[in-house]
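Residue numbers (the UniProt record's numbering), protein chains in the order written: chain A, 1 to 323; chain B, 1 to 323; chain C, 1 to 323; chain D, 1 to 323.
Some hints here could point you the wrong way.
Same chains, same names: a pair is fine if it fits in one copy or spans any two.
As the list claims (entries may be wrong) - Restricting the straight-line Cα-Cα distance to at most 30 Å, the calculated cross-link-like pairs of lysine-lysine (DSSO-like) are:
{"#": "1", "residue 1": "312", "residue 2": "280"}
{"#": "2", "residue 1": "52", "residue 2": "93"}
{"#": "3", "residue 1": "312", "residue 2": "35"}
{"#": "4", "residue 1": "291", "residue 2": "312"}
{"#": "5", "residue 1": "35", "residue 2": "52"}
{"#": "6", "residue 1": "4", "residue 2": "52"}
{"#": "7", "residue 1": "312", "residue 2": "4"}
{"#": "8", "residue 1": "86", "residue 2": "4"}
{"#": "9", "residue 1": "4", "residue 2": "291"}
{"#": "10", "residue 1": "4", "residue 2": "93"}
{"#": "11", "residue 1": "291", "residue 2": "305"}
{"#": "12", "residue 1": "239", "residue 2": "226"}
{"#": "13", "residue 1": "291", "residue 2": "308"}
{"#": "14", "residue 1": "305", "residue 2": "86"}
Keep in mind the hints are simulated off the structure, nothing from the lab.
Protein chains: 4
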Amino acid sequence: MNTKTIGVLTSGGDAPGMNACIRAVTRAAIYEGWKVMGIYRGYEGLISGDIKELTTESVSNTIQRGGTVLKTARSDEFRTPEGRAKAYENIKKLGIDALIVIGGNGSFAGAQALASEHDITVIGLPGTIDNDLYGTDSTIGYDTALNTIVECVDKIRDTATSHNRIFFVEVMGRDAGFLAQNSAIAAGAEAAIIPEDNTDIDQLATFIGRGIRKSKNSSIVLVSEKDGGAMHYAERVRKEYPQYDVRVSILGHLQRGGTPTAHDRILASRLGVASIDALKEGQRNIMVGIKNDEIVYVPISRSIKMDKPIDKELINVLTILSI
Amino acid sequence: MNTKTIGVLTSGGDAPGMNACIRAVTRAAIYEGWKVMGIYRGYEGLISGDIKELTTESVSNTIQRGGTVLKTARSDEFRTPEGRAKAYENIKKLGIDALIVIGGNGSFAGAQALASEHDITVIGLPGTIDNDLYGTDSTIGYDTALNTIVECVDKIRDTATSHNRIFFVEVMGRDAGFLAQNSAIAAGAEAAIIPEDNTDIDQLATFIGRGIRKSKNSSIVLVSEKDGGAMHYAERVRKEYPQYDVRVSILGHLQRGGTPTAHDRILASRLGVASIDALKEGQRNIMVGIKNDEIVYVPISRSIKMDKPIDKELINVLTILSI
Amino acid sequence: MNTKTIGVLTSGGDAPGMNACIRAVTRAAIYEGWKVMGIYRGYEGLISGDIKELTTESVSNTIQRGGTVLKTARSDEFRTPEGRAKAYENIKKLGIDALIVIGGNGSFAGAQALASEHDITVIGLPGTIDNDLYGTDSTIGYDTALNTIVECVDKIRDTATSHNRIFFVEVMGRDAGFLAQNSAIAAGAEAAIIPEDNTDIDQLATFIGRGIRKSKNSSIVLVSEKDGGAMHYAERVRKEYPQYDVRVSILGHLQRGGTPTAHDRILASRLGVASIDALKEGQRNIMVGIKNDEIVYVPISRSIKMDKPIDKELINVLTILSI
Amino acid sequence: MNTKTIGVLTSGGDAPGMNACIRAVTRAAIYEGWKVMGIYRGYEGLISGDIKELTTESVSNTIQRGGTVLKTARSDEFRTPEGRAKAYENIKKLGIDALIVIGGNGSFAGAQALASEHDITVIGLPGTIDNDLYGTDSTIGYDTALNTIVECVDKIRDTATSHNRIFFVEVMGRDAGFLAQNSAIAAGAEAAIIPEDNTDIDQLATFIGRGIRKSKNSSIVLVSEKDGGAMHYAERVRKEYPQYDVRVSILGHLQRGGTPTAHDRILASRLGVASIDALKEGQRNIMVGIKNDEIVYVPISRSIKMDKPIDKELINVLTILSI
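All chains, please: the whole structure from these sequences, using the hints.
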């Protein structure tokens, strides 16, 4: 294998740990004697040519920073063959042999489209707070977002002392309930309402049923954003169970930010180094993930199409512990 | 003065540092050889008799905890003379010589009404995150809430990388802009919209005017909750300046919780000790506050009626630094 | 199986998440209709009879707290057959059918001795910040301690701006380098010196050799406590490489405390629930651990005797990223 | 007044909030139409000419960062007239009309020496975690260091559950006990041993005397670094009171780092803006400080020579609350 120049970009929603990953990709490539081009603002910058060389120093002191120093964006133009052709022009012009894309589902779909139309190797690295990528136990940013949510719910619980008060706390994860389910367990919440569950009417009724019998001072329910989210359930409770005092808290964008946790920095570092290893081995068009604490390669097409289920054990744990 | 038994309660919205204050009141009274009765759930517990003696040990290991171990509530019944008469019955029955009330405006108004109708000494201690009490430079909980907001805005800024995006972040302070104005300075935000300012239409227009000329990637505006708050301004921008991408984040109840900062713990400790000193001196119906880093006594009636203005210097500082 | 009454204790060094685990054990047992006896101060309390029944409410609002509400101690008396016989007297007297021990190596050895001499079922749950227990990928408290260390090193790095300055930061882990190795990666440190490595003289020389060639402003080396720890290496540098300005920071006991991370709370909750499941299944004298994100049972004798190696990949990752 | 170009530097020990102050100085000067030169590594850079122009953008996204982007150093050469003459050469060459020095005592002494020998206006801004500067209620970095210490002691307390164990926690402040005294109150510690007190032998004996009578499980004593610090007292207790189990924790360099608190960011912003106001007014050779929440000017000579006493009230508060 004789890769000489790689490009790296972050794409889609930003996630804590992306900088740690850019740093690892950059240094591992330089360690091999390769050249690294940093592409700014995701596929937008690949099309417009907003690209600068990265050095060991240019990624110094970034491992602890949230967001992404390469910025990120969603690019409509890149969704068209014409846009991707323009991007490929820049790739050729700069002599980029392989493209490393840090992002989620949509970003990988873009990478795959590019690789199928043009002669370029792509490697995907899972960076999204939602943890909804098949082929990896954990995505970069998920652990940090989980901790951010739990810290917020800890604070909300401090103030939740009045009787019969129900808080619905809305968290990210439109299509995946990992954040809601796990933060509910970690925060000692009473229930989680997640998109994987299609029986939410019963869930609320069951939860209320359990709640009424309890001597608890307050209840906290984590809700994944979707179809009205927390507000929807608050409205239902106000109508159907007017005896309760209901409050809503929508955590919003702060879930994306913050200094990454140790877990996310280590994961990002390992995946970044592994992406260069994969290129050395001649791998093409894969996602590098982590399974059972070991580096794995997954065809990028498979990482996009497959669903990652929530462990039933976790649902059981929450039910038992919220008595 | 020969006070022997005091009662202590927290009332109104909870604030971080209330536990540190309860601890200080309790220990300083016990240090004098007095007895301390903890009244649960504010004036509600005073009426219903939900009262237990506090010891040195019962306040151990509470200085660092958010919320209030005595719980808090808003009591409609206490707003009536009949309710206050019931409360006084319990005060007499338990031999309480003085009542220490940790809370804000509304709580002090209740204390004053009680003291004007019955033979009981009341001492108010300023506990509210809003910092809107006359006669004290700082209220218990304000510094913690300010830091909580700033940490949240730091996280939001991490994700605020796209061009022309304006975030409106809504914080507490319906009648006072201390939290919004100071967190805007501390978070490096571009503007603050506060209730003290009656020219908010111009404020938004001015801010946008400045914003358009700038090469900034993103703007963050702190907004006090009031008249629709952040959502109102977001709607206006969407209509009047459709070229911007607008996001809203309502921080909500998490602002009330969390481990108190060093500042709030020290303030709460000093005020708690000073309340017992005031009783030793025979003071009646005052609020104990802090001015220029010294303990002061303010007639409780005055603390309620007077407004506390925002320093113009701070408005100027924000304007200059957001260039 | 007809377990009716269980005892639970924490033993050895405390670890964040122990409370979350006590809570889970308690609630999962009560969920089954069982009775739970909380044993205070580890085996000491089992011998002295410092034991109280735990209820659903008595573990409320503890999931987020560091330390252990059951306290912990190291018991010399329990190391003798006589001590264990006394402990068994209390077990019989209280009708305890099974004992759940949350702790590390030494605590498990005690549990095994007890079970081999008397008719009592023991279940071990891995609670130690060192992560050095065979049969589980992760121990309760390890993730929190790792994050605490990384936050400290982030702060130290803020001040480490002068040229040629080397910081040796000593962390816990007398026999296991998990904390040092992983925190070095996560904190972006230049090297880790760990007990698993028997070539430390070369390590320091190699590190210095690399350091001299680099244009770095400062270097941070994580050192596991052992044989003089950080101080030993600082002395060596002062003697052998006097051109460097060396500083030492020993993180010490603060590594054991703090609010547990989401990961530790979830792990503790899952293991606690699983320990009751194991008893329902009639398991005896096992440790309940987590492997590849699934609950596993390991003979308690095996968990004590086997070593858990450090992944070589992590050593490689650190070497590459510290260029 | 027609200042056109200012220089800004940080000097001495770094302190959180220095970046917020550099940002404020830079933007307030640019707001006036002035030019700002950033001098790197304190007086070292002034002598060697390590100086670059600062723009509005170059201080973007720095308000929340610990350390100092201008770096800091202690310069032996600047302590000589020859060194200061070299520095003045650079000042003239770059057309710098005024020098803003962010630092502590030693840094201000250097500034004064420069101003007394050469025709240059200097303005000092108080930046030190020790809070030991006369003429200002608070120094930039003090509030953050205080909170860092309190967070550490909170963690240490989590693990301090065994009987008769005394922790001596050593904090910074060789000549001033502000950090030790205030963190002791805020952390709920049992005592503080500070340099302002010359009766430390009695202090320890008194504390032990109180401790023996108490039913406390553990005691925490904050000790200012000086004359052996915490280790000294631990040794004394081991010899004189062998019945106690003693532990030592030296917090060290991590006290200097970390994201600044809201208080320090606001203070730094206000002082930075005020330094430009002072130059506009034609002020020379002053320190800009804060007294009673208002900006004040103090002759720089006076800020160096005068001592700032510790409030006796605080010593009393700690004594009462540690019962």
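To see whether the hints hold, each was checked on the structure:
For the identical chains of this complex, residue 312 and residue 280 are inter-copy neighbours only, at 19 Å across copies versus 39 Å inside a copy, given an alpha-carbon limit of 30 Å. In this assembly of identical chains, residue 52 and residue 93 lie within 30 Å of each other by CA distance solely inside one copy; the values are 13 Å within and 34 Å between copies. For the homomeric pair residue 312 and residue 35, the shortest alpha-carbon distance between copies (26 Å) is at most 30 Å, but the shortest distance inside one copy (45 Å) is not. Within a single copy, residue 291 and residue 312 get their C-alpha atoms as close as 19 Å, and across copies as close as 17 Å, so both meet the 30 Å cut-off.
For the identical chains of this complex, residue 35 and residue 52 are neighbours both inside a copy (11 Å) and across copies (29 Å), given an alpha-carbon limit of 30 Å. In this assembly of identical chains, the alpha carbons of residue 4 and residue 52 lie at most 30 Å apart only when taken from the same copy (16 Å versus 35 Å across copies). For the identical chains of this complex, residue 312 and residue 4 are inter-copy neighbours only, at 27 Å across copies versus 46 Å inside a copy, given an alpha-carbon limit of 30 Å. Proximity of residue 86 and residue 4 under a CA criterion of 30 Å is satisfied intra-copy only: 22 Å inside one chain copy versus 48 Å between copies.
In this assembly of identical chains, the alpha carbons of residue 4 and residue 291 lie at most 30 Å apart only when taken from the same copy (29 Å versus 39 Å across copies). Proximity of residue 4 and residue 93 under a CA criterion of 30 Å is satisfied intra-copy only: 14 Å inside one chain copy versus 46 Å between copies. Within a single copy, residue 291 and residue 305 get their C-alpha atoms as close as 18 Å, and across copies as close as 27 Å, so both meet the 30 Å cut-off. For the identical chains of this complex, residue 239 and residue 226 are neighbours both inside a copy (20 Å) and across copies (26 Å), given an alpha-carbon limit of 30 Å.
Taking the closest pair of Cα atoms, residue 291 and residue 308 come within 30 Å of each other both inside a single copy (13 Å) and across two copies (19 Å). For the homomeric pair residue 305 and residue 86, the shortest alpha-carbon distance inside one copy (26 Å) is at most 30 Å, but the shortest distance between copies (61 Å) is not.
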